[in-house]
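*Asks:* Those protein sequences? They're chains F and W, same order as listed. Going by our numbering, the first sequence opens with residue 1, and the numbers climb by one from there. Going by our numbering, the second sequence opens with residue 1001, and the numbers climb by one from there.
Because the hints were derived from the structure by calculation, they are not lab data. Hints are supplied without guarantee of correctness; some may be wrong.
[As the list claims (entries may be wrong)] When the alpha-carbon atoms are kept at most 20 Å apart in a straight line, the in silico SDA-like pairs for lysine to any residue are as follows:
id	chain 1	residue 1	chain 2	residue 2
1	W	Lys1285	F	Val248
2	W	Lys1008	W	Ala1031
3	W	Lys1285	F	Ala230
4	W	Lys1285	F	Ser232
5	W	Lys1008	W	Ala1163
6	F	Lys239	W	Ala1316
7	F	Lys203	F	Val71
8	W	Lys1285	F	Lys203
9	F	Lys239	W	Ser1272
10	W	Lys1008	F	Pro168
11	F	Lys239	W	Arg1301
Quick caveat, the model's predicted, so the values are computed rather than measured.
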Amino acid sequence: MNALDVLVCVKRVPDSTSELVLTEDGQGVDGRFAGFTMSQHEQCAVEIAVQVAAATGGAASVLTLGDGDAVEQLRAALAVGCTAATHVVADSQQLGPADVAREIAAVVRAHEADGRPHDLVLLGHDAADTGDFQVGIRLAYELGRPVVNGVTVVSVEDGVLTASGDGPDGHETYRVPLPAVVTVLEGGVEPRYPTVPGRMKAKKVPVEERGLAGTPAGAARVRWSLPPAAPSDVQVLGKGPEAAPAVVDLLEQLGVLAR
Amino acid sequence: MILVLVEKDLAGDAVEVSLETLTFARSLSEAGGGVPIDAVVVGDVPPALRSELASYGVRGVHALTGPAFDAFAGAAWASGIETVLATTRSVVVTAAGTPRGGEVLAHVAARAGVPMAANVLSFGGLSPFVVTRQVVGGQALEEMQLAGRPAVFTVAGHAVEAAPAAAAGPAEVHEHSPEVAEADLVARVVSTDEPEPDLSGGLTSARVVVGAGRGAGSADGFADLLELADLLDAPLGVSRVVTSLGWRPHHEQVGQTGSRISPDLYIPCGISGAIQHWAGCSSAKAILAINTDADAPMVTRATHAVIGDLHEVVPAINAEIRRRRTG
Ligand SMILES: Cc1cc2nc3c(=O)[nH]c(=O)nc-3n(C[C@H](O)[C@H](O)[C@H](O)COP(=O)(O)OP(=O)(O)OC[C@H]3O[C@@H](n4cnc5c(N)ncnc54)[C@H](O)[C@@H]3O)c2cc1C
Ligand SMILES: Nc1ncnc2c1ncn2[C@@H]1O[C@H](COP(=O)(O)O)[C@@H](O)[C@H]1O
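The following block holds chain W by itself, in its conformation from the complex:
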C-alpha cells in the first residue's frame, strides 16, 4: 500500500496539494504494478471528501478520530499513522510538502528510523527507489536514494497537476481511534487565533492578479499596488517573504506553499521569481514583471517586463489608466 496523508481545509475539503500528492502516488502505483493507494485523514470524512478521494482512485480512507486528534500534535498524528501502517504492509508514506505534511512525516520517519526526503518533484527508478527533490531553496536538484521501508517523502507543492483517476476507487472508510501515548500529546496546539478574513477575492480563479514581493519595501509600501489591483478589479498575490515579514496576510501568498494562480495576466512587482514562487504562477497566460533587476528570473521568464522601481512605475500606470478612463 501507498499511504497518503490528506489534509483538509476549514470547509472539510481536501487541499489541492493533497490531491496533487494523490496524483503523484498514482503514477508511483502504476510504475509499481498497481499498488493500492490509501488515504489517511485526521478527523471525520465528510461525504464530499469521500467521493473526491474515490475519484482519485483511493482504495481505503483511514479516519483518525478521538480526543487525541482534536488539536494538532505532530507526534500524535504520526502515532495515528503508525496505527494505520500496522494494518497493512506499506511501501510508501507520503504527504504534500506543506508545513503540516513535512512535520508529521518527519515524526513518522524519525520514529521508524528511516530516511525522509523533503520536497520531491519526481521519482526515477523503483529499485533502488530514487527520487529527485528540491535543495538550496529550489536552486538545485538532488537525486536521493530512499532505502528505508516504508519510503517516506513529501511532494513539493504544484510539482504535478492534480487529476482524478481514470477509474474511481471504493474509498471505503475505516475509522481508527487509537490510544495515543501521553508523551505524544505534550507538544500540541492549545489555542488557535481566528485567521484573518480572506480578502484575497478568489486568487485561484482571478483573471488578473497583481503580485507584490520584497521590492514593496515595507508594510507601508503597498498603497500603489493596491490601487492598481483595484483599478484592474484584481486580487493581490504576494511572495513568501512578504507574508513571513508580516507585511500581508498568509492567504495572499502565491507559490509552492501558497495558492496556485492561472490568470490571463499576472503582474508580479518586486518579486525575484524563485522557483517556489514560480510553481504558483507558471500557468498564467501572460506575465508582466516589474522589477529593478533586468536579470531577475521573474523578468527573464515573463512574457513582458518593465525595468524600474515599482514605486515609480506603478503610480505612472495607475495615472495612465485613470487618464484613459476619464479621457
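Bound-form chain F, shown alone:
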C-alpha cells in the first residue's frame, strides 16, 4: 500500500466559550478579549489525518493561513500526531474563501514539486468564525480533484478513499480514487488528547513559513455586528429538584398534563 502524506488544514478561530467582542471597524473579532482554538470539525479532521497516515505507513502534515499566533494551532496538531507543519503568514481576516483555497492549492503544488505530494487533503466542513462553507470545494476545483463534503468517517485502502456521513436520506457512503479533497464534520472520531511527550516533540518540529502566493481578492465583508440582546422576562420557578411541584403546577395550568 502507498504511504500517504495527508495534509490537514486548520484555522485559528476565537473560542466559542469566551464572550464575543468585535473590533471597532467591525472587520472581525477583537483578539485581545478572546481565547483561540481550532474548530471541532478541524480537530476531527486532524484525528482522521493521523489515523489515515498511520494506516498507510505515511505521515500527516498540518497547514494554516494566519498571523504569527496561528503557530499555536499548528503546534496543537503536531502534539497529537502530525509531523510537519506549514504556516502561510497572512492576516486571515483580509482573505476570502477563494483566496484561502488558492493559497492552500499553491502549497499543495509546491510540496508536490518538492517530491511530497498530498494525495489526500482534509479540511473542516466550515470555519467556526467566518462560516463560509466553501473553502474545501473551491480547493478541489483549484487542484482539479474530486471533493467529498461533510463526512464523519474516512478510510483509505489501495489508493481508494471511502468516506461516509449522514445525508438527508440516510447514512451515505462515497468511494473515490485518490487524489481527493475531503471536508470533515465532527462526530465520527474522538480527537485524542496531547500527551506530555507529544507536546515536547511538537515544540521541536520546524515550521515551514511561506508568504502569500497571490494577491487576495478579499472577503467582500462590509462589517460585522452583534445582534441586539433579547430582553428577558423569564419566571424562575426554583432551583433544583425542589422546583418540581411548581413545575407540575405550571403543567396543569397550561393544560398539558391531562390524559
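Based on the hints, put chain W with the ligands in the right spot on chain F.
*Replies:* Relative to chain F, chain W with the ligands alone:
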C-alpha cells in the same frame, strides 16, 4: 430570473426550508420589480410538488433527470444547474442552507468564479447587492456585498416563514437531461443506509416537546427525559450536539438544520439556546428551560425556568406527576 434549488423529502414533497427560500426569493423579486422565480428540482416533479411550487409563485420548474442524477453528486447537481442557467439570464441562484444546499451552491459558485454567501438572513440594498448572514455560529452578523453575477447564496433555515404567493405561478415543467462530465460524477454517493425509523412522533405538530442537549451528558443520559416525554405524551427534540455525537438520531434534531416546532410548551433540558437551535423553537408558546446555568440564552429567553441539574430536576418532576396522577 431568480433560480431556487428546491430539495425534496423521501415522499417527493418540497422540504419546508426550500419553501422558505422561495418566500425569501419572492421578497427579492418584488424589490427587483418582479424578476421571475424558477425552481430547479433533481429528479421527477410529482403533481403535488408542481402545484405546491405554483402556489409559491414559481414561473418554471426545471427538472434534472437522467442517470447522472440517480445518486447525489455535488458537482453533477451544479453541472445540471449550469444547464438551466444557460437557458435564461439569471441574477440570483439560491438554496436553503441545508448541507445539500450549501454544498451544491459552493460548487456552482466555484465553477462560475463568483463569491457565495452562506446562511443569509436578509438582504439590504439591491445595487450594490448586500446581504446579512450569520457568522461565528450565529453569535454575530456579517453584512456582505455580493458583487458577482449570478449572486449565489444560501438562506439560513427558518430565517423567514414559508408563505404562498398572493398569485400562483404557472410552474411550467421543463425537463433537462444534460450530459454530465465524468469528472463531475467521481465523488458520488455509492450507497445509502436506510434512515433510522422516525420515532419522533410528529415533532412539528406536537403540543408538548421535551428537549435535550449536551447537558444530558451521554447516550445513556436520556432515560429520565424519555420518561418525562412519555408522561406528557410528547416527542423528544434534541440539539445538534446530541445528533452529532450520535446520542440520538438526526430526525429528532430541532433547529435551523432540523425541525421547526411550535408547541404550546417546549421543555429544553441542558440546551444552551444557540441561535441555530432557537430558530427551530422560537414559535413555542411557552418555554420551560431546565439548565444549570442561569445565564444560558435558553434560560433568559424562556418564559419559565428551573436552575439545576437535569438529572436531579427531571426525575423529581416525573415523580411529582406520577404522585398527582395516582393521588
Ligand atoms: C450552520 C449551523 C447550523 C446549526 N444547526 C443547528 C440546529 O439545527 N439545531 C441545533 O440545536 N444546533 C444547531 N447548530 C449548533 C449550535 O450552534 C449549537 O452548537 C448547539 O445548538 C448547542 O447544543 P447544546 O445546547 O446541546 O450544547 P451546549 O451549547 O454545549 O449547551 C449545553 C447546555 O447544557 C447545560 N448543562 C450542562 N450540564 C447540565 C446538566 N447536568 N443539567 C442541566 N443543564 C446542563 C449548560 O449550562 C449549557 O447551557 C448549528 C450550527 C451551525 C454553525
Ligand atoms: N485561514 C485558514 N487556514 C487554514 N485552513 C482554513 C482557513 N480558512 C478556512 N480553512 C479550512 O477550510 C474549512 C472551511 O472553511 P470555510 O469555507 O471558510 O467555512 C475550515 O474548516 C478549514 O479547514
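*Asks:* Are W:Lys1285 and F:Ala230 close enough, with their CA atoms no more than 20 Å apart?
*Replies:* Holds, at about 16 Å.
*Asks:* Given the hint that W:Lys1008 pairs with W:Ala1163, test it: the Cα-Cα distance must not exceed 20 Å.
*Replies:* holds (17 Å)
*Asks:* Assess, step by step, whether the Cα of F:Lys239 is no farther than 20 Å from the Cα of W:Ala1316, and give holds or violated.
*Replies:* Holds. F:Lys239 to W:Ala1316 sits at ~12 Å (cutoff 20 Å).
*Asks:* Holds or violated: are the alpha carbons of W:Lys1008 and F:Pro168 at most 20 Å from each other?
*Replies:* holds (9 Å)
*Asks:* Does F:Lys239 pair with W:Arg1301 here, judged by a C-alpha cut-off of 20 Å?
*Replies:* The hint holds at about 17 Å.
*Asks:* Going straight from one Cα to the other, do W:Lys1008 and W:Ala1031 come out at no more than 20 Å?
*Replies:* Measuring from Cα to Cα gives roughly 28 Å; hence the hint is violated.
*Asks:* Please verify whether W:Lys1285 and F:Lys203 have alpha carbons no more than 20 Å apart.
*Replies:* violated (54 Å)
*Asks:* Compare the distance between the alpha carbons of W:Lys1285 and F:Ser232 with 20 Å, and conclude whether the hinted pair is satisfied.
*Replies:* Satisfied, since the Cα-Cα distance of roughly 15 Å is no more than 20 Å.
*Asks:* Are the Cα positions of F:Lys239 and W:Ser1272 separated by 20 Å at most?
*Replies:* holds (17 Å)
*Asks:* Take a quick look at whether F:Lys203 and F:Val71 sit within 20 Å of each other, Cα to Cα.
*Replies:* holds (10 Å)
*Asks:* Given the hint that W:Lys1285 pairs with F:Val248, test it: the Cα-Cα distance must not exceed 20 Å.
*Replies:* OK: W:Lys1285 and F:Val248 at ~17 Å, within 20 Å.
The earlier numbered hints that this structure contradicts are 2 and 8.
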